[in-house]
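Enquirer: Given only the sequences and the hints, what does the whole structure look like? Please build it.
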Amino acid sequence: AQSVAQPEDQVNVAEGNPLTVKCTYSVSGNPYLFWYVQYPNRGLQFLLKYITGDNLVKGSYGFEAEFNKSQTSFHLKKPSALVSDSALYFCAVRDRAAGNKLTFGGGTRVLVKP
Amino acid sequence: GAGVSQSPSNKVTEKGKDVELRCDPISGHTALYWYRQRLGQGLEFLIYFQGNSAPDKSGLPSDRFSAERTGESVSTLTIQRTQQEDSAVYLCASSHEASGSTDTQYFGPGTRLTVL
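These protein sequences, in sequence, are chains A and B. Each residue of the first sequence is one higher than the one before, counting from 1 in the numbering used here. Each residue of the second sequence is one higher than the one before, counting from 1001 in the numbering used here.
Hints in this document: simulated from the structure, not taken from any laboratory. You may find that some hints are simply not true.
[What the hints assert, rightly or not] Across the chosen pairs, the derived CB separations fall in these ranges: (1) A:Gly-53 to B:Glu-1085: 40 to 46 angstroms; (2) A:Gln-10 to B:Ser-1087: 21 to 27 angstroms; (3) A:Pro-18 to B:Glu-1068: 42 to 48 angstroms; (4) A:Gly-16 to B:Glu-1014: 25 to 31 angstroms; (5) B:Thr-1076 to A:Glu-15: 42 to 48 angstroms; (6) A:Pro-114 to B:Asn-1052: 50 to 56 angstroms; (7) B:Gln-1041 to A:Ser-80: 29 to 35 angstroms; (8) B:Ser-1066 to A:Ser-70: 41 to 47 angstroms; (9) B:Glu-1085 to A:Ser-3: 18 to 24 angstroms; (10) A:Gly-99 to B:Gln-1083: 23 to 29 angstroms; (11) A:Asn-68 to B:Thr-1013: 23 to 29 angstroms.
Computed from a predicted model, the values in this text were never measured in an experiment. Where is the CB? At the ideal position from N, CA and C, for every residue including glycine.
Expert: See the structure below:
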């Protein structure tokens, strides 16, 4: 079975500082990995994905994530956070051998303070 | 182009009633998914449709839940004899799943279901 862990319920960061949201995963095969962001009362918006190739993936709004196979991690990063980045972030994994469904982590709330 | 749309945006119902939720996927997307998001939690997979293949129903929590999809268009999720634990946001997603590719799932705004 596949699973995703987001160990931090909330991350607080000052505007302009680097932002990191942690994600680790477990799959039996090779993973596809995704990050989504959810703003209040809205659906999920896609940020970026790792399928294959370069371990560093760049996505929307200046976000990037690094796939680390040995640590089974896919942490989301942004060099300089904005107040508007305050939202709920979800990491998700799809096991290539287990169909198309996504398994999501519990989410991490990011609060960027001015 | 237009994104995934869902209706209604909010639904309040009484325990024991049936409800029907609708999802309109992005035009041309062959795959459609339903997920449930309980308050303060991540998303749980419910069901997946891909073209004319048999749907993957492995995430449906009970036989009170069912879903249909007409071709590669609209899908409806039906919950019969609703219970208070069914209260959640129901999210629909669609993707263009071509053979050998992994396309992104794009989500609708969700339907917030409240069972009194």
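Enquirer: Does each hint hold? Answer for all of them.
Expert: Hints, verified against the model:
In this structure, A:Gly-53 and B:Glu-1085 meet the distance hint of 40 to 46 angstroms, their C-beta atoms being roughly 42 angstroms apart. The hint said 21 to 27 angstroms for the Cβ distance between A:Gln-10 and B:Ser-1087, and at roughly 24 angstroms that hint holds. A beta carbon spacing of about 47 angstroms between A:Pro-18 and B:Glu-1068 agrees with the range 42 to 48 angstroms that was offered as a hint. One distance hint, 25 to 31 angstroms for the beta-carbon pair A:Gly-16 and B:Glu-1014, is violated here, with the actual separation near 50 angstroms.
Distance hint check for B:Thr-1076 and A:Glu-15: the Cβ-Cβ separation is about 44 angstroms, which falls inside the suggested range of 42 to 48 angstroms. Look at A:Pro-114 against B:Asn-1052: about 52 angstroms separates their beta carbons, and that is inside 50 to 56 angstroms. For the pair B:Gln-1041 and A:Ser-80, the beta carbons lie near 30 angstroms from each other, so the given range of 29 to 35 angstroms is met. The hinted window of 41 to 47 angstroms between B:Ser-1066 and A:Ser-70 holds, with their beta carbons roughly 43 angstroms apart.
The beta-carbon spacing between B:Glu-1085 and A:Ser-3, approximately 22 angstroms, falls within the hinted interval of 18 to 24 angstroms. The beta-carbon spacing between A:Gly-99 and B:Gln-1083, approximately 28 angstroms, falls within the hinted interval of 23 to 29 angstroms. Distance hint check for A:Asn-68 and B:Thr-1013: the Cβ-Cβ separation is about 45 angstroms, which falls outside the suggested range of 23 to 29 angstroms.
Hint check: violations occur at hints 4, 11; the rest are consistent with the structure.
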